[in-house]
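K.L.:
Build the full structure now, drawing on both the sequences and the hints.
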Amino acid sequence: MLPNNPIHSLLSGDYPRSRVLGAVLSIVLVCLAFAPFLFPGSQPLNVAAKICVFVILVASYDLLLGYTGIVSFAHTMFYGIGGYGVAIAMYNFSPTWPALGIGIVVALVLAILLALLIGLFSLRVRAIFFAMITLAVASAFAILASQLNEITGGEDGRSYRIPEMLRPAFRLFDEPVMGVMINGRILTYYLIFLSALLLFLLALRVVNSPFGRVLQAIRENDFRAEALGYRVVVYRSVANCLSAGMATLAGVLMALWLRYTGPDTTLSFAIMIDILLMVVIGGMGTLYGAVLGAAIFILAQNYLQVLMGKFSGMLESAGIPLLPNLFHADRWLLWLGILFVLSVYFFPVGIVGKLRQMRR
Amino acid sequence: MSTAAETASTVTLPKVRVDYLPVLLVPILMLVALPLVGSFSTWVTLTVAALAMGMMIFLMASGLTLVFGLMDVLNFGHGVFISFGAYVSLVALGPLAGWVESTNLWLNVGALLACILVAMLVTGALGYAFERVVIRPVYGQHLKQILITMGGMIVAEQMIHVIWGASPIPLRLPEGLRGAIVIGDAAMEKYRVIAVVLGLLVFGVMHLVLNRTKIGLLIRAGVENPEMVEALGYKIRRLFVGVFIVGSALAGLGGVLWAFYRQTLTAGMGMEVNVLIFIVIIIGGLGSVGGCFIGAILVALVANYTGFLAPKLALGSSILLMVAILLWRPQGLYPVAKR
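Chains as they are written, first to last, in this note's numbering: chain E, 1 to 360; chain Y, 1001 to 1339.
No wet-lab data here; the hints were simulated from the structure.
All residues carry an ideal CB built from backbone N, CA and C; glycine is no exception.
Some hints here could point you the wrong way.
Stated by the list, open to error - Over the 12 Å line for every Cβ pair with chain E, so calculated as not near, a few chain Y residues:
| no. | residue |
| --- | --- |
| 1 | Pro-1027 |
| 2 | Trp-1043 |
| 3 | Phe-1076 |
| 4 | Met-1150 |
| 5 | Gly-1151 |
| 6 | Gly-1179 |
| 7 | Ala-1187 |
| 8 | Asn-1225 |
| 9 | Gln-1331 |
Unchecked claim - Chain Y stretches covered by chain E per the calculated footprint, using a threshold of three residues with CB under 8 Å from any CB of chain E:
| no. | segment |
| --- | --- |
| 10 | 1140 to 1147 |
| 11 | 1241 to 1250 |
P.N.:
This is how it looks when you write it as structure tokens:
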């Protein structure tokens, strides 16, 4: 395509570069864009909104892990800051747009400052050390959030109301559009979808800029990048801050969708593991991997369980020992874990990388 | 007179300078805490409890720090061995129910030791398998190591759910080990005293093996310079695997003690202490067993004292301690691995 083509500039010249991948991505995009009309009902809409939020969260993590080669375990901390930013603003002030704006800005500033602090303090050290330190900091933050009862609501978290336009009772039109009543819930969904799309394109812009190239150079060989005259620590810190800011916005969107923020939904280590799985299975070092990883993972989380439950029931009625347990509906993470290990070994490039290789 | 002869008599091997400053931190911390806590008997109770906790953390962390120092592998899945050790002890306790319920102290201790033995054997074997299957292909690649050991941890944790079910399982201490010994006003739980004794014993043995035997010499040399040890004709690979197995078995031992201490078993218990273990080995200096020992005791002391003085701070206290130590010595108390 021509360089001045609008799609070219939207995607920052980073095409899917594989027909299958392009087709799959288009399907995901169409499904997400028309989710309220294609899949009516609250459960499918919930899944679609979660996919949108996690695409952003995973893409922002990929900026660190895949593009810069930094292993951080503090990503849920920033996600949580976004969530709590909304929660605290909405709970303590009136649920209005200005209050929401203030909450988001404060959360963003706090997250970026914290990211900068962690970065300057520990990004000089080796990957392994940074991973451990971020793990410790993140667990400290989770403890803090559950201890500060007066501010965060402690273990129970906070439920709150959001601006009137986004509440389920709100109606945009009197008549249904294409058989679907456009209520505040659907408006919230579109707010999430459009923000996610915008942020994703922005991330694509970042990684395909000269700045993004330097990050990849650092990932490949930080010593050589330093020798070329790039201040590695500065670039790493900026990447860390960018990624933290994006994760914060993902937290904000999730908080708007759930209308609840608590330690389990934003700060738990399980979410960190989910993010890791999504990045690696989708494909590290390519943002399209984040889309596929998040979509596959969340669909599996919501629908694979049902299938596994049925299969397990069949095995159980056949009287086979232990196997029903292996396929128990709650054991879906076991299979994704195995897929994760296998993908680190056999296709470290993930699904996206594999699709791109197949084209060649 | 000949200076050569004189230098020959005085210049022997340079003496290893022992750094006592970090060791002093422990008694200093105890002394500082005494007036703050106020009552002497409470202080004794707290200190013994902290020492017991420290020993358990040390047992769980020592394997990890050894593996890191020697093999340059940070095993994020280390917590799995802790969990497995705990669950395996449950299996071992099954046929020993008579010993557990008996009032004979020796049978009680026997049951505990049998648990430990079985758990160590099983986790050692598991460690061997883990090293072969999961870790061996990724030596020297830190990013992959972190990812793959995390993956191994997820799978193993789910396997515990498959085998033993997902709900927490209560674990009862053997009859004679419950309750406390009261000396004066100070109450010390019997089990914690046993944990202290066991921990000291293991530390002593490790110290002797590392400093007084040829294997220890090779291990320490391997930490310093693996290529050189290899070039001298020793099979460092075999040493690696051995250390990994011992490290896993120690984690299993720590897991058994930790499980009896908490008296409930959950599949995530290993992962929960993983954070604490990382903090301990960062404080101690990656790869250092002595540092790990002191780090574990420091963390436990600080956690227990703050738990009594300012309960809100207790959970985050170890992080604060880590930050303080890293500001003082950025590489940890006893840095070993120079990589």
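K.L.:
Beyond 12 Å from chain E, beta-carbon-wise, is Gly-1179(Y)?
P.N.:
holds, 31 Å
K.L.:
Can we trust that Phe-1076(Y) is non-interface, i.e. its beta-carbon lies farther than 12 Å from all of chain E?
P.N.:
At roughly 8 Å from the nearest Cβ of chain E, Phe-1076(Y) sits no farther out than 12 Å, so the non-interface label is violated.
K.L.:
Was Met-1150(Y) rightly flagged as not at the interface, with every chain E Cβ beyond 12 Å?
P.N.:
violated, 6 Å
K.L.:
Report holds if the minimum CB distance from Ala-1187(Y) to chain E is greater than 12 Å, and violated otherwise.
P.N.:
holds, 28 Å
K.L.:
Checking a non-interface call: every C-beta of chain E should be farther than 12 Å from the C-beta of Pro-1027(Y). Is that right?
P.N.:
holds, 26 Å
K.L.:
Mind taking a look at whether chain E covers the segment 1140 to 1147 of chain Y? Criterion is 3 or more residues with CB to CB distance under 8 Å.
P.N.:
Holds: 6 residues of the segment 1140 to 1147 of chain Y have a Cβ under 8 Å from chain E.
K.L.:
Holds or violated: is the Cβ of Gly-1151(Y) farther than 12 Å from all Cβ atoms of chain E?
P.N.:
At about 4 Å from chain E, Gly-1151(Y) fails to clear the 12 Å cut-off, so the statement is violated.
K.L.:
Please verify the coverage claim for the segment 1241 to 1250 of chain Y: does it have three or more residues whose C-beta sits within 8 Å of some C-beta in chain E?
P.N.:
violated (count 0)
K.L.:
Would the least Cβ to Cβ distance between Gln-1331(Y) and chain E come out above 12 Å?
P.N.:
violated, 9 Å
K.L.:
Confirm or reject: Asn-1225(Y) is not an interface residue toward chain E, with every Cβ-Cβ distance exceeding 12 Å.
P.N.:
holds, 18 Å
K.L.:
Non-interface claim for Trp-1043(Y): all C-beta distances to chain E beyond 12 Å?
P.N.:
holds, 25 Å
The structure shown violates the earlier hints numbered 3, 4, 5, 9, 11.
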